[in-house]
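Chains as they are written, first to last, in the working numbering: chain A, 3 to 215; chain B, 329 to 522.
Since the hints were made in silico from the structure, they are not lab data. Where a beta carbon is used, it is the ideal one built from N, C-alpha and C, also for glycine. Check each hint, because a few of them may be wrong.
[Claimed, not checked] One side of the interface only, derived from the structure: several residues of chain A facing chain B at Cβ under 8 Å:
1) G40
2) M48
3) L49
4) A52
5) V60
6) L64
7) R67
8) I68
[Unchecked claim] Partner residues are not named here, just some residues of chain B that face chain A (Cβ under 8 Å, in silico):
9) S356
10) R357
11) S360
12) L363
13) S364
14) F384
15) E451
16) T460
17) E464
18) G485
19) R510
20) F521
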Amino acid sequence: MEESHVDGLIQRFLDGELTRAERRLLLRRLESEPEVRGRLIADEAMLEAAAGLPRAVVPEALAARITAALPAQDPPAAAAPRRPRSVAPAWLAAAACLLLALGYGAGRAAAPAALPPPVAAHEKDAEILVRLVLLEPRARAVTVVGDFNGWDPARTPLAKAQGGAFHVTLPLKPGRYHYMYVVDGKQWMADPFAAETSLDGFGSQNSVLDVEL
Amino acid sequence: MTAPCPDEPALLARARGGDREAFSVLVSRHASAILSAAWRIVGERAEAEDVAQETFLAAFRALPGFREEARFATWLYRIAVNKCRDRLRARAASPEREARAERDGDAPPPEPVGESVEHRSPEELMLERQRTASLERAIGRLPSLYREAFVLRHVEGLSYDDMSEALGVDGSTLRMRVYKARAQLSRELAGVFS
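I would like the entire structure built from these sequences, with the hints used as guidance.
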């Protein structure tokens, strides 16, 4: 079967438009070729994620502006008033909540109410367990370097889990830490979901981690 | 897009007669979908808000010409997409604005607040968020025609018939745009959704 024909079948499958005969053809191909099967599964997962992407929260101010701008009767074609760029309170609140939730996964000690708090000791110099997680499916190995390990790429490897995730749990004292990931021993990268970054003086960004009791 | 409610035709009839209150109800039902689609197409929240505002005002003014056989939601998408295209064209004609849009592009729309996540471990939650963020960024990198087609088809869930009505383009062309969009996303996100 021509590759372009298989592509066509996959695209029509994703659109739910295959005939029974075409479905049979595709199923045979999937049975014998794991690579094609993997591609289709990945595409399906991507489209499922696309369908589940969140809707934007409509700021109350925007709804009010639209309503206020509606002409009363038989409207003249007047220009709508412009939205003040700095005002979007509901949106900002939602974004702040997202940041908080992401911050937990990225290792911040402040935890959202929906998730269990990290283990915390009660003494001033207590250590807090902070979990760092990075999704990097193409990587063979990931380590983390930062203020907490002398920036030594060999000291703190992340464990690889299914799905291309790497993770490590670090006992850290309260404080502010700069860190980066090292992928396959050569590529240094910032944590894509760090709540804060800072310039490292060499033209790159460090991720910043605040650990608080 | 909000599912059509039994009273939507009644609201439309009242709004067509100039009833602002009835139209405000329609705005509240459809604003999130229009805003989300516009945000993903133009890639910037501030512009998406302007698009949403202009879309509803244009719809209110044009209501007398609205044909009942079309879905109101589809009609709104049509207006919104045209306004998005106007903005993208204006941006392309102004290198300064284009650069500013690239520099100041927003993060994707936020996760709904209050969603229960207790059943997921922190790792699972983090993975899902990273996948979502990767997907949003990849959608933002699509060429604009592919991006609007993909967003309407796979994020907003429109049928090709509705898309054809909304975009004024025949179904086979739309299928090709969606196909190209999926192919690019599939390449860029290899490994992320395996």
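Checked hints:
no. : hint : verdict
1   : G40  : holds, 6 Å
2   : M48  : holds, 5 Å
3   : L49  : holds, 5 Å
4   : A52  : holds, 4 Å
5   : V60  : holds, 5 Å
6   : L64  : holds, 5 Å
7   : R67  : holds, 6 Å
8   : I68  : holds, 5 Å
9   : S356 : holds, 6 Å
10  : R357 : violated, 11 Å
11  : S360 : holds, 5 Å
12  : L363 : holds, 5 Å
13  : S364 : holds, 4 Å
14  : F384 : holds, 5 Å
15  : E451 : holds, 5 Å
16  : T460 : holds, 6 Å
17  : E464 : holds, 7 Å
18  : G485 : holds, 6 Å
19  : R510 : holds, 7 Å
20  : F521 : holds, 4 Å
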